[in-house]
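Engineer: Sequence:
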Amino acid sequence: MEKIKILLVDDEKEFVETLSERIKMREHDSVVALDGEQALKKLEDEIPDVVVLDLKMPGIDGMEVLKRIRKAYPKVQVIMLTGHGSEKDEEEARKLGAFEYLEKPVEIDKLMMKIKKAYKNKFESSMMAATFAEAGEFDTAKEIRDKEEENENLNKVKKKSK
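Here the working numbering is used: the first residue of the sequence shown is 955, the next is one more, and so on.
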């Protein structure tokens, strides 16, 4: 598997640096940002494949960073990570386009599995966009995301009706 570029955003310095070291030991690239503002600046320098984003941070919080990432970098997959979340926060994060929402503490193997799934999802979404564009079925990435969301909603309805 290729190296995945991961941006880790968390105001708990020791936690995020340890997480970065463990990710690098698994042969992936990671960059650390200690707050939302730093994260947005690092995104301008280099676009990662996946962002692991803390929900509660001073200054620009995780939800606002998530909104900005989805708007400016729609292909970047975002995994929300929090020690102080709620069902309402999770629901909002998913509505805003978070790929996954995890509670701290999280085991590194579980997190890496989610990062790999997010990376795979990014790749598959890009492939699907290219395929649809070639077929002339969709004009924009937004139409593709709308179709994916529609399919997800149908799947949820199917699951509830079982």
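Note that these hints are calculated values from the structure, not bench results. Among the clues, some could well be false.
If you anchor each label on the Cβ, the simulated ranges turn out as follows [what the hints assert, rightly or not]: (1) GLU1061 / ASP983: 17 to 25 Å; (2) GLY1037 / GLU991: 14 to 22 Å; (3) GLU1045 / LYS1071: 32 to 40 Å; (4) GLU1057 / MET979: 31 to 39 Å; (5) PHE969 / ILE1001: 22 to 30 Å; (6) LYS1064 / HIS1038: 28 to 36 Å.
Ideal Cβ positions, reconstructed from N, Cα and C, are used throughout, including at glycine.
Engineer: Would you pick out the hints that fail for this structure and give their numbers low to high?
Structural biologist: 3, 4 and 6
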